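Asks: Input sequences plus hints: build the corresponding full structure.
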Amino acid sequence: MKAILFVFPFVLAVAYFPISQCQNLPLIEHTCKQTPYYGLCVTSLKSDPRSKTAGDVQAIALIMVDIIKAKAGGALQHIEKLKQKYPALRVPLSACKDRFNAIIIGDVPQAVEALTKGDPKFAVDAANDAALEADSCERGFSGKSPITQMNKLNHDISIITASIVKMML
Amino acid sequence: MAVVTKLPLSSLALSFHLSNSFYLNPISPFSLLFSFSFSTHPKMDTPYHHLHAPPHYPPLLPQEQPSDAGPPASHRKPFKGFAAILASVIFLLSLVALIINQTQKPLPSQNNIVPTSKPTSFSNPEPRGVAEGVSAKSNSHLLRNIKGSYNWTNAMFTWQRTSFHFQPEKNWMNDPNGPLFYKGWYHLFYQYNPDSAVWGNITWGHAVSADLIHWLYLPIAMVPDQWYDINGVWTGSATILPDGQIVMLYTGSTDKSVQVQNLAYPADPSDPLLLDWVKYPGNPVLVPPRHIGPKDFRDPTTAWAGPDGKWRLTIGSKIGKTGISLVYQTTDFKTYELLDEYLHAVPGTGMWECVDFYPVAINGSVGLDTSATGPGIKHVLKASLDDTKVDHYAIGTYNPENDKWTPDNPEEDVGIGLKWDYGRYYASKSFYDPYKKRRIVWGWINETDTESDDLEKGWASVQTIPRTVLYDNKTGSNVVQWPVEEIESLRQNSTVFEEVVVEPGSVVPLDIGVATQLDISAEFETELLGSGATEEGYGCSGGAVDRSAMGPFGLLVNAHDSLSELTPIFFRSSNTTNGTNTYFCTDETRSSLAPDVFKQVHGSKVPVLQGEKLSMRILVDHSIVESFGQGGRTVITSRIYPTKAIYGAARLFLFNNATGVNVKATLKIWRLNSAFIHPFPLDQI
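For the protein sequence lines, the chains are B and E, in the order given.
Oh and the first sequence: position 1 is 85 in the numbering used here, straight run, nothing missing.
Oh and the second sequence: position 392 is 978 in the numbering used here, straight run, nothing missing.
In case anyone wonders, no lab produced these hints; they're calculated from the structure.
Source: prediction; values computed, not measured.
The C-beta atom is built at its ideal place from N, Cα and C for all residues, glycine as well.
Incorrect hints may have been included.
Unchecked claim - Simulated restraints, written as ranges between beta carbons of each label pair: (1) E/Leu1114 / B/Arg174: 36 to 44 Å; (2) E/Lys920 / B/Asp150: 35 to 43 Å; (3) E/Lys1060 / B/Asp150: 53 to 61 Å; (4) B/Gly158 / E/Thr1081: 32 to 40 Å; (5) B/Leu109 / E/Leu672: 24 to 32 Å; (6) B/Asp150 / E/Ser856: 33 to 41 Å; (7) B/Pro171 / E/Ser749: 39 to 47 Å; (8) B/Pro171 / E/Glu755: 37 to 45 Å; (9) E/Thr1081 / B/Gln161: 50 to 58 Å; (10) E/Pro996 / B/Ala143: 35 to 43 Å.
Replies: Written as structure tokens, this is what we have:
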């Protein structure tokens, strides 16, 4: 009993220690270490049950693309609500709707096809573009955005995805 | 035991606190590094030497960090197992709280400061000398007023379509495939998505032309309909046998997403349009060798004949991070022998896509058949680098006895030296034109706007104007590329300007009417004012507003009268201790007021020999600009999306932003007609 208490904190410490040897870590941590947002990367992946059985970087990348799709879908719903709440922001909110739509009908299918059919550079492009679309949406408010955190989240998970796919090149 | 339990808990607390701050603290070098790269590389992560936009998001303010997830502060640690359990539980709960905090739904926040975005330019807003002309000051007020996301109008999108560059009527295109000349027609195939303006569902599009300029669309030549290409009919090349037979080899992505090479040939060789194609029933003819990854095996080249009568071709790949070029020999294009040795390999360059390999004549003025060898011939080896999306090449010597190629200059080997084009350009492919004895090269030019723009306007990508390729007899160290002469058939009226003097810090309008479809030839002479002291470290970086003694000067294309939008194409010379360096550059940073397009400074050093004047040729065609420096020694392709400098409002200017030279320019400018690219009237034959 005491042995378990003794060992468990060490395991957790190793998992969160920033400058540990990457190769000794499980796939998710090892992969996320090479992205700019380690914490977000790990928590996003671990929130998806498929990450438990993901066997390689491609599988992880596909999970991330799915997360981009889900977050973009959530953004669209949120934007619809905000249009009612902030009629003065109708114009930039409509522009944002186009951006997140493009992520769902353009970037996500392109990324999935590129990853599954074996030409990952197009998935890097698609993920980078998704970040750009979130950026564009945010800029449309000229400083008075009601969705900055949401845009940042969409932006960051897209960047994480792009850096994961780049490992496959 | 108690001593031991004490230690891990405190180190845990310390490490947790460190990791917390390391990853959430924006001032960590790690996050800064990546914040630069994401904000300026929307589509291409190419290393480049100019400025970065500031990150678009503010650093996370301290209050946004989880405040209730900190570890317990100073903590007496009782020497009991129960206390150890309690501490672990508290720790675990705080971890859970941290995780919940990070994934909670974002709320509208009132006091987030989003910095206004600035375009990627103006590291040097204070001009050093004369404060006129194309200086930072004259435009800085406009920069601050730039709105957020741009509201594109249909007029702007329609204007972006090119008039004489090849592009399909709609949807996505990428690599050029299988270019060839047959029975009087030039053929172009291309990676094409029939369903959308983004990459996917790739087929072989097809078009023909009698003159490489006036293209006629034909039906799709090949679709993914076999198990060995069901996941993609990807890039390939044509080989024309001495008896006129056409052999097409292309990469298929199989139903298991393995990359294989397949053979196809025309269904009816007597059909000059080569409408229908047959896939060899014994496909695939090549599968990845055992030591090669199943997704690292694509883009077979045109074959060339060896001294033993066998054909050879090469396929790019990688081993680790070394780019390699595999060689296969064949007599019938159905069975192959893989050679043990690579044609060539360069460490650190990553996967080689779209390898191209062909002979060029030293001291020659014509192109060569792909099988030509002998004295007076060198070989160009070119690779498209997957990692950086840049085309590189080197000139060297091919030994047909052992099928190996060595670069003339190993310091500038494939992938680490010269680029084929210094702008937005990829996946080039050449072919031999036996009709006019030319080596001609195609290149794919992607969009630099966002995919949402592409989906809205319904299309993405163009091909360059085909270019002839010749060894540069004068420098001996590079090739020269030049638009095919058939483009001159589009020339309408011309205007000549003789010896226009442009003083430092000034801009001279050139009155030529509508300036969206132009063929410009310009020569520049400089006259030194003052001592011409040496200065180091000047290239293209900093763009056209970065003023030095002997540059930049050149032309402003697709420029608005107010100069709110302009695209400078320029030379910058500098006297260094090693002699005079000259750079040839394009600066897209003020090409458009729209903030969501990718705007870069492109360019490189260009060789200028004793006695040569500085010269440039520019093809302007709406949203694409192809610029050729010193006869095509350095070539730059740019994509631009102006919002105001369009239609009748697009203008052409000369500019001189140097501080220490007068510039004298002589130009001949043609207005170019449209090529009226349209579907082949198949119902009329």
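Asks: With reference to the structure, classify each hint as holding or not holding.
Replies: Okay, the hints, checked on the actual structure:
| no. | hint | result |
| --- | --- | --- |
| 1 | E/Leu1114 / B/Arg174: 36 to 44 Å | 59 Å, violated |
| 2 | E/Lys920 / B/Asp150: 35 to 43 Å | 42 Å, holds |
| 3 | E/Lys1060 / B/Asp150: 53 to 61 Å | 56 Å, holds |
| 4 | B/Gly158 / E/Thr1081: 32 to 40 Å | 57 Å, violated |
| 5 | B/Leu109 / E/Leu672: 24 to 32 Å | 28 Å, holds |
| 6 | B/Asp150 / E/Ser856: 33 to 41 Å | 51 Å, violated |
| 7 | B/Pro171 / E/Ser749: 39 to 47 Å | 42 Å, holds |
| 8 | B/Pro171 / E/Glu755: 37 to 45 Å | 40 Å, holds |
| 9 | E/Thr1081 / B/Gln161: 50 to 58 Å | 57 Å, holds |
| 10 | E/Pro996 / B/Ala143: 35 to 43 Å | 40 Å, holds |
Hints 1, 4, 6 from the list above are not met by this structure, while the remaining hints are.
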